[in-house]
Amino acid sequence: MNKLLVFMLLFVLSLMSVSSVVAAELPAATLGPDLMVVEDETLWEAKGGSTLSYDSTQQGFPFITNVADGTTNHDTMIKLIQSPYLNLTAGKQYQFVLRMKADTFPQGQTINFKAEAGNIDGIPYEGSRTSTWNVSRAGEWEEVNISVRPQYNKRWYVQVWVNPTTAFARTPSTIYLAPDFDVYELPGGNEAVTLHGVNTVTDKDSFVSRTQLVDGLGNIYTKKETDTVWKHVFPRMIYRDSPTDNLTYQTMFQRYKSYGFTGIMNLTDALSAQVAIDVGLEHLSMIGNSVVNDVPVPFETMWAKIDAIYQWGETTGHHRNLLWYYIDNENGMVGNYTYQESLRINVDTDHLDPQTGKRRHPIYYLNGNVGVPRTYHNASRTAMDLTGSYVGANAACDSFELNPEPSLLTQFMAQNLRAPVSVIQLQMNIGNTFIPSLFYGIIMGGRAMSVWRDGGDQLTINDPNNPWPAAFRDDVSPKIDLMLPIIEQPHFTSWKAWTNQFPSVRIGTRELNGVGYLLLSSFAATDLPVTVTLQNRQATKAVDYFTGAQIATITNGQFTFTMGHYNNGYRVIRLVAPTAAAASPASNDYGTVTNGQTSSSATFTLSNHSSATSSLQINSRTITGTNANQFILSNGSCGTTPFTLAPGGSCTLQVSFKPTATGLKNATLAITSTDVNNPTLSVALSGTGRAQLNLTVSTSNGSGGTVTGDSSGISCTGGNCTYDFTQADTVKLIAAANIASVFGGWSGACTNVSGSCTVTMSSTKTLGAAFNLVPRARIGTTPYGSLISAYAAVPSGGLIQAKSLIFPDSGLSCNRNISFSLKGGYADTYSSQTGYSTISGKLTLAGNGTVTVDRIVIQ
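With mature numbering (1 follows the signal peptide of the UniProt record, and there is no 0) applied, the sequence shown covers -23 to -1, 1 to 836.
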């Protein structure tokens, strides 16, 4: 087997051992009509003294780069292009869609977009977070998506410009903005929506090495090189302060550990990496910036730092702890394309994974407030393996107030962006909105977090004026570990939820094993009464995910509760659905069954409620209880476990009762399933066993009769006959002699001499019935009670001597091919013939034999 085949097998097995959620699909939103319908370039206008030009051949407004100084004809947000106005309604969600293309790739400018509504008639200003655009290929129109959620009824517009601070390179290129501008109202409910369907397997690229795995959703897994099982992690990382004022790495890192963090974001040397591991911080990143603290860093210097940390991981066996190469936002501009290409080439050449033959650790670009540079990861290039975004700060990231719009996380569906959006970036100094921002990031699909930063121009983690660190340490960080199973799931579901307090309260949905969950985040300054409305989701009550305490009863898809604020401004709720699993009937009594015998089967129907939202898996069905071995379970139409039942589906199984001992027997048919509300169904089983007793009837003296009983099946005509009865049964026996005999009396269990015999079965019993032969004829010295029995025994040439009497035989048929003599009229001693023997009926002769008769009367 070649190495490639071995790797592919290991890769598939690795993914299979992690999770099934990587196959998730976010369907395209159902949209109404285009509200803007702008196709005419004359409806746009230029601002700040710039000139609006239009290229009719390329069908767009050109942004032309001045190679001499790197500027364009629309530099800065003063010298910009502005779209027409559009009136939007408060409380609704909209998607602005613009289109751009470039004539070269890579190109050296990052285009900025901002949707806003000005301060008009005293109504406050509103603005979305800036979205940006970079090309992923040359000569093709690509979409720019901006999400807008107005708080007021106002007119909105979009402004487009180039930020001069991003013009690091002076690439000769022309970028075109199409005048066609669409605005769509998004469906209510979940905030994770897209204009284009996204499949996390076909549209997103997973990363896998021997020690790291990032799936298409952005979930992060690690393992030791010798392990076979991946561990799902939610890294909680912080940008370290510099070790000044006698504050050592060890003291600083121990402080981060004590506050609930799990890693360091900006490591630059092996010493600090080792110290982090020593204090218990297990998630580390290798910084790869071209600029640090606004000071350019030569590529050779930065590569030496990265390589030193990598070699430390190689030597110490800590590759599992090196989560990624980290590129900060201002270093991820397309103007730094050459620098980042050099970094990628070195990584892909020198830092190879022995399992895959590709780079050993993923490359993470924090693109923050400038959006997603698709230049670094698209359908043709894989320079970026995951990315992240700021949440909870305004576009300039310089305000203590909140602009809760994680622009990058909402671009999970960004056109041609194949790197999963995973990391929530938070500012240290956003105060009381920190924890609501963190949970909003999780709602929108964040699966890791990093905080900028401890100290410097920010507060320190242990500053008494910093309101969130203690709550993060004592409450939130431990709860994130408890939330890992639902964080791992797709941040979009087929059902929806929304609140009456949008935009102050944000809501997201999750589903795990058929159970629905709600995640809420509040940016209000006070507690709020929140009413949640569910769509396409059945539920009866809402319970707290962490405590299990009931929050509210759900009626007609709605419930109301009080939402906390600031450090308590989050909620994770489990929705209790109507019980899905059911078994019918709920019990069965088999009555009395003889020990050792099997009753008829009882049929039980297992079903999944028609209102269930997902298939139900039946994991096991067994007979349990003290008398479990007295009952027999058959698969029926259900088949063997595990099996699934679709909503509204059902199947049957059978149980029978076979007692082995006397008395009442009880057991339970236990059915376990994935129904979280009723994971084990219990069906009561009962039956009574009764003893099986033997009655042996013996007949004697030639079996000259028959013993019958009033119970069916009793008829004994010779020898020993045995019959089964249960304890306490009563049997009446009657003896009837045949024509050759007379009844001589009972023995054993029956002591009466004549008449019938009644036996009560308290135990196994034996009785005898004597029948005495009446000698009416003989052959030689052997007596016979009838001519029929004597004829059956006479040999050819033999003689039957019959006494002088009327025989009970009903005629005599001689049909044997023999010759014999029949002489009658003998006295009792057979010494002489003194009279006649009378046969009642006919004497029939048949066959080739002969009979010689003497003193025989036929009447």
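It should be emphasised that the hints constitute simulated quantities derived from the structure, not laboratory data.
One or more hints might be untrue.
Under the rule of at most 27 Å between Cα atoms (straight-line distance), these lysine-lysine pairs were calculated in the BS3-like manner [as the list claims (entries may be wrong)]:
id: 1; residue 1: K800; residue 2: K780
id: 2; residue 1: K819; residue 2: K800
id: 3; residue 1: K56; residue 2: K91
id: 4; residue 1: K208; residue 2: K335
id: 5; residue 1: K200; residue 2: K91
id: 6; residue 1: K208; residue 2: K456
id: 7; residue 1: K24; residue 2: K56
id: 8; residue 1: K780; residue 2: K709
id: 9; residue 1: K234; residue 2: K208
id: 10; residue 1: K69; residue 2: K200
id: 11; residue 1: K201; residue 2: K234
id: 12; residue 1: K200; residue 2: K234
id: 13; residue 1: K742; residue 2: K709
id: 14; residue 1: K742; residue 2: K635
id: 15; residue 1: K201; residue 2: K91
id: 16; residue 1: K282; residue 2: K335
id: 17; residue 1: K473; residue 2: K69
The hints, checked one at a time:
Distance hint between K800 and K780 is fulfilled; the C-alpha atoms sit about 9 Å from each other, no more than 27 Å. Of the pairs offered as hints, the one joining K819 and K800 holds, with about 17 Å between alpha carbons and a cut-off of 27 Å not exceeded. A C-alpha spacing of about 14 Å is found between K56 and K91, which places the hinted pair at or below 27 Å, so the restraint holds. Proximity of K208 to K335 is assessed by CA-CA distance (about 21 Å); at most 27 Å being required, the pair is judged to hold.
Restraint check for K200 and K91: not satisfied, since their Cα atoms lie roughly 42 Å apart, outside the 27 Å limit. Distance restraint check for K208 and K456: the Cα-Cα separation of roughly 17 Å lies within the 27 Å cut-off, and the hinted pair is therefore satisfied. Pair hint K24 plus K56 holds up; C-alpha atoms about 5 Å apart against a cutoff of 27 Å. Distance hint between K780 and K709 is unfulfilled; the C-alpha atoms sit about 37 Å from each other, more than 27 Å.
Between K234 and K208 the CA atoms are separated by roughly 20 Å; this keeps the pair inside 27 Å, and the hint holds. Taking the CA atoms of K69 and K200, the gap is about 44 Å. The hint is violated against a cut of 27 Å. Annotation: proposed proximity of K201 to K234 holds, straight-line Cα distance about 21 Å (limit 27 Å). For the suggested pair K200 and K234, the alpha carbons sit about 21 Å apart, so the restraint of at most 27 Å is met.
Our distance criterion of 27 Å between C-alpha atoms is met by K742 and K709, whose separation comes to about 14 Å. Of the supplied pair hints, the one linking K742 and K635 holds, its CA atoms being roughly 25 Å apart against a limit of 27 Å. A threshold of 27 Å between alpha carbons decides the hint, and for K201 with K91 the separation of about 45 Å lies outside it, so the pair is violated. For the given pair, K282 sits about 21 Å from K335 by alpha-carbon distance, which is consistent with the 27 Å threshold.
Taking the CA atoms of K473 and K69, the gap is near 15 Å; set against the 27 Å cutoff, the hint holds.
The structure shown violates the earlier hints numbered 5, 8, 10 and 15.
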